[in-house]
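**Student:** Sequence:
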Amino acid sequence: MERVLRSSWTRALMLVLILFAIGYAVFQSQADRREEVEAGKKAPDFALTNLQGQTVRLSDYGGTGVLLNFWASWCDPCVNEMPLLNEAYGRLPGVEIVAVNMGETKERASEFADRHHLKLPILLDTQGEAKKRYKISGLPATFLVDDKGRIVQKFSGELNRSDVINFMERIRPKPERN
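Mind the numbering: the sequence shown is residues 1 to 178 in the numbering used here, read in order.
No lab work stands behind these hints, which were simulated from the structure alone. There are no misleading hints in this set.
Each pair of labels, with its calculated beta carbon distance range:
#, residue 1, residue 2, range
1, S59, N160, 25 to 33 Å
2, V79, R177, 39 to 47 Å
3, P175, D76, 38 to 46 Å
4, R172, E111, 26 to 34 Å
5, K148, V79, 30 to 38 Å
6, K119, R172, 17 to 25 Å
7, R177, Q127, 39 to 47 Å
8, R115, K42, 33 to 41 Å
9, E111, E176, 42 to 50 Å
In silico DSBU-like links for lysine-lysine, alpha-carbon gap of 35 Å or less:
#, residue 1, residue 2
10, K41, K135
11, K131, K41
12, K119, K106
13, K154, K41
14, K174, K135
15, K148, K132
16, K119, K132
17, K154, K106
18, K42, K135
19, K135, K154
20, K135, K148
21, K132, K42
22, K135, K106
Keep in mind it's a predicted model, so treat the numbers as computed, not measured. We treat Cβ as the ideally placed atom computed from N, Cα and C, and that holds for glycine.
Take the sequences, apply the hints, and build the full model.
**Tutor:** Below is the structure:
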């Protein structure tokens, strides 16, 4: 009898734990959907280190449009688009291009930047902070952020020259009309 009772309690406890786990998973799924990064919403801020060791926040670029590109040196499409981004960097007033390296060491990202003569700012997301906030699931991923800090568009995949130019024009601050 004692063995049957113990077995029943064990099964009941397991059932409660399984139901709790399912409930928690559903709750997390709903929370993730509510925090979806989409056009029109405020771009999630982050604090990452650049190759010079300084902390940089997305909010530091307030008042300018930002083409925010997530990349890694092992990603062939990322490598292909990097010269286009570097070439466009600084060419359009009011627009910044920021490249966020995903999960690689400072040394590896610096070596890549040196080898490709990159001038654009490179931020290091070694702990996955920005990856998590922007819900990055594949590389390259590009977010257009307007001068008010709102997401204009998310683009997944390799950029070409006309993409870069068109995206920069879309986030270029418009002159105030009186």
